[in-house]
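Residue numbers (the working numbering), protein chains in the order written: chain A, 1 to 304; chain B, 1 to 304.
Please keep in mind that the hints were generated in silico from the structure rather than gathered at the bench. Heads up, some of the hints might be wrong.
Quick partial rundown of chain A residues pointing at chain B, CB under 7 Å, derived from the structure [unchecked claim]: (1) Leu62; (2) Thr164; (3) Phe166; (4) Asp170; (5) Leu171; (6) Met176; (7) Thr179; (8) Leu223; (9) Leu243; (10) Glu244; (11) Gly247.
Now the stretches of chain B that chain A is said to cover, found in silico as 3 or more residues with beta-carbon under 8 Å [to be verified]: (12) 28-40; (13) 187-196; (14) 242-249.
Don't be surprised by glycine CBs; every beta carbon is placed ideally from N, CA and C.
There are 2 protein chains.
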Amino acid sequence: MSEPAYAAVDWGTTSFRLWLVAETGAVLAERRTGEGMAALTRPDFAATLESHLEALGAARALRVVICGMAGARQGWFEAGYVDTPALLSSIPARAVSVSDVSRDVRILPGVAQCDRRRPDVMRGEETQLLGAFGFDPKERATICMPGTHSKWVTIDEGKVERFTTFMTGDLFSAVMRGTILTHAVANADDAEDAEAFRSAVSAAFETPALAANLLFEVRSRQLLYGGAPASARERISGTLIGLELAGGLSKDSMARGVTLIASGRLRERYMSAFDTLSVPVRGVDADETALRGLALCARSIWAI
Amino acid sequence: MSEPAYAAVDWGTTSFRLWLVAETGAVLAERRTGEGMAALTRPDFAATLESHLEALGAARALRVVICGMAGARQGWFEAGYVDTPALLSSIPARAVSVSDVSRDVRILPGVAQCDRRRPDVMRGEETQLLGAFGFDPKERATICMPGTHSKWVTIDEGKVERFTTFMTGDLFSAVMRGTILTHAVANADDAEDAEAFRSAVSAAFETPALAANLLFEVRSRQLLYGGAPASARERISGTLIGLELAGGLSKDSMARGVTLIASGRLRERYMSAFDTLSVPVRGVDADETALRGLALCARSIWAI
């Protein structure tokens, strides 16, 4: 086996992913756990990283590049933000060196939109954008990155021009767990109900002002007309995604299309939602974008 | 002390209120507890009612009229619904007699909007509407009844023409308790921040499609610019109320004004929200509307 040139880590709120990468870019080994920022206190970060590197037999001097919430104020070591409009190529140059470890560990910065009318922050998604678009994309693009806190990003001339976070996934969990709708979805099985999902997407997209009503309607509909708990769940999901699309899409992006960076079930849901609204989509699988972005930064930082 | 002519009960999801009322309409005694539907199983309802009547020394033959969730399918005894357009005067006639008790107990029906495109239900609010407007109001009015599940009702020619439920209070609790914003409002004191509340109302009213973003913005703002947890709470509340008003208000009702049936802190919040949008409001205190509506129905049912 060839020697790793560096380790790349995507360290989010609820997940930890580590890859050992050869100079050629080949992945030599991988680890995936739930040891995200939320599960760790500050002293745990170094120990967690070392334990995984040791388990993979990595050399004591192996360099490490990290993106994500490990760089948050409440994370391991604060990595600050690049302000919008943020040149994608400036991200590796703004990485910080973690000072209390023996090896060379760099954490990439997030991106902040310091606009008092529209303040916003991202941390980790900037690296996925690098993975999907490289350092210097020429085209203008609208990107949707769905998740707990979905990001909608406009890039132009190699810069993150502006972005908007929608707490769609977070709201979905809270609504499912802690409202009157919890009863409506109790014991829901995995059955899909594409029609319920699509009609909820359309309704919320067309009348976003009725979002809090469309959610209650899930219960009224079940009470008056029956329906499976799984259909109720699909309606809740469709309503919240439709609301997000109403806020994220512009006339321009509806015509030109959107780049969707997502994987698995979430990718399917958003593909279906965009299709419902006849918006052209280019899909990029989210699974490898963070690794690709980390690799670009590693090569830039260490001139590999 | 004069003899009670009947007992009136407002039996909601989380609260129980009982009044002993004289033939003159005077309230002779009152009880208020948290024994709402959510805290009771079916056999508990009769026992709970009897224990309160006994504690107040009520006669074994005293008649009882009830509104609210006690009449739901999961409540004590299902009282059905009057369909929209629902004559307010038809409500007492559609009361059901509880069959498994020795005394004369009537539960008032709710109102259902059996429209597959806009299904909705209310139970308890119809009695408050009766209390506020009587059996046969001639004027057309838009009524806002804020709460866990806020109701917006259009009455015209003595009928509930249509209505819309917004799960504003339910969403507020879920967002405060179970999302990333839980951290933003941790240890919030009671301090008000009228400016934060009002600016959030305006923003959500003007761009309801951005609701899930405006909520996340509460956190971004705190992260980038600081701010008290209490201000974050006011912004969350203002965003959700502004979203409700965007869905509830029409051009017509914004010009003609709205009747607000509310009390306490909720009344203040909504008064401030309507004022922010320059919508004229007539306030009706919610504390006594249920009793007044129950009294009207008792007189009609028993020809008192």
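Earlier hints that do not hold, by number: 1, 6, 12 and 13
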